[in-house]
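Undergrad: Each chain, letter by letter, is given below.
2 protein chains.
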Amino acid sequence: MSYVYERPIQDYYPDDIAVCFGCGRHNPEGLHIETYWDGAEGICRFTPLPRHAAYPGVVYGGLIASLIDCHSVGTAVAAAYQQQGRQPGSEPLILFFTARLEVDFVSPAAVGAEMELRARVTGFGERKSVVACSVVSGGVECARGVVTAVRAAKLGI
Amino acid sequence: MSYVYERPIQDYYPDDIAVCFGCGRHNPEGLHIETYWDGAEGICRFTPLPRHAAYPGVVYGGLIASLIDCHSVGTAVAAAYQQQGRQPGSEPLILFFTARLEVDFVSPAAVGAEMELRARVTGFGERKSVVACSVVSGGVECARGVVTAVRAAKLGI
Chain A
625 MSYVYERPIQ DYYPDDIAVC FGCGRHNPEG LHIETYWDGA EGICRFTPLP RHAAYPGVVY
685 GGLIASLIDC HSVGTAVAAA YQQQGRQPGS EPLILFFTAR LEVDFVSPAA VGAEMELRAR
745 VTGFGERKSV VACSVVSGGV ECARGVVTAV RAAKLGI
Chain B
625 MSYVYERPIQ DYYPDDIAVC FGCGRHNPEG LHIETYWDGA EGICRFTPLP RHAAYPGVVY
685 GGLIASLIDC HSVGTAVAAA YQQQGRQPGS EPLILFFTAR LEVDFVSPAA VGAEMELRAR
745 VTGFGERKSV VACSVVSGGV ECARGVVTAV RAAKLGI
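As given, the protein sequences belong to chains A and B, one line each in that order.
Take the first sequence: its letters are residues 625 to 781, numbered as in my numbering.
Take the second sequence: its letters are residues 625 to 781, numbered as in my numbering.
Keep in mind that a hint or two might mislead.
As the list claims (entries may be wrong) - Derived list of chain B stretches under chain A, where covered just means 3 residues or more per stretch with a C-beta under 8 Å from a C-beta of chain A: (1) 682-688; (2) 715-728; (3) 744-756.
The hints are simulated quantities; they were obtained by calculation from the structure and are not laboratory data.
Note that the structure is a prediction, hence the values are computed from the model and not measured.
Ideal placement from N, C-alpha and C gives every residue a C-beta, glycine not left out.
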């Protein structure tokens with residue numbers, strides 16, 4: 625499969641802010657969630673480890689929420705660069721933060737089985753993007769999420 | 625402050641299932657979220673570590689979602705035992721899983737500052753409880769969540 629941007633969108637985040645537990649490449653203890661952009665959807669693959677259980681063998685919801693959150697924000701970023709006809713990494717920087725996260729847990733997902741997340745921007749405004757995300761594990765949809773992502777004017781508190 | 629049950633509700637979960645990354649006391653790498661029950665509200669305190677950042681110094685949303693999820697489920701469990709006039713740990717076991725999670729991120733929360741979560745059952749059915757949760761950091765509400773928790777007939781896939 626070929627993607628619009630060669631690397632996952634998180635690889636283009638500036639070094640000094642790429643520390644997110646979910647998707648920061650500079651967080652050595654983090655999840656290293658990666659969003660690949662195919663021009664219409666953000667695609668993420670992640671295999672939950674035994675420590676990510678809720679009950680033995682079943683993935684805990686907080687991990688799924690984290691995957692949906694970071695991957696949907698990454699998808700919003702990728703789509704915004706494409707909408708502007710620019711490569712990620714070019715100036716000005718495009719960043720989003722999550723204003724609202726909704727997750728429906730549809731069926732249990734197994735620890736050790738690769739999950740695939742597909743996210744799509746369903747609403748696009750000047751400051752706000754809405755992203756819908758589906759999570760599939762073992763060929764079955766295990767969760768659906770909606771993220772409302774807002775363009776960040778600045779970062780930090 | 626005195627609580628209805630001496631220990632956090634998660635301490636009463638059976639040993640063989642207490643492995644949740646969020647709230648399992650037997651997950652050595654987990655967050656060890658604890659829910660204390662005061663008879664009306666579940667109360668949880670948690671101090672995010674530097675690795676739990678989104679951007680430098682600011683807590684990442686996935687952690688907040690995880691806290692709301694496990695703490696709200698714990699609150700649903702504690703309230704259900706009280707509603708039945710029983711101590712947690714007595715038979716039959718009461719367990720819930722999360723069917724839906726909604727989080728509104730209201731303001732940034734600082735890494736290193738203790739968070740307080742207060743959760744309350746706002747809807748109580750035979751199989752389903754709805755729990756509303758507020759998260760305060762540094763005296764300011766940083767997030768609000770709603771969890772729809774469903775009584776578990778059995779665990780696992």
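Undergrad: Against each hint, give a clear statement of whether it holds in the structure.
TA: Here's how the hints hold up against the structure:
| no. | hint | in the structure |
| --- | --- | --- |
| 1 | 682-688 | holds (count 5) |
| 2 | 715-728 | holds (count 8) |
| 3 | 744-756 | violated (count 0) |
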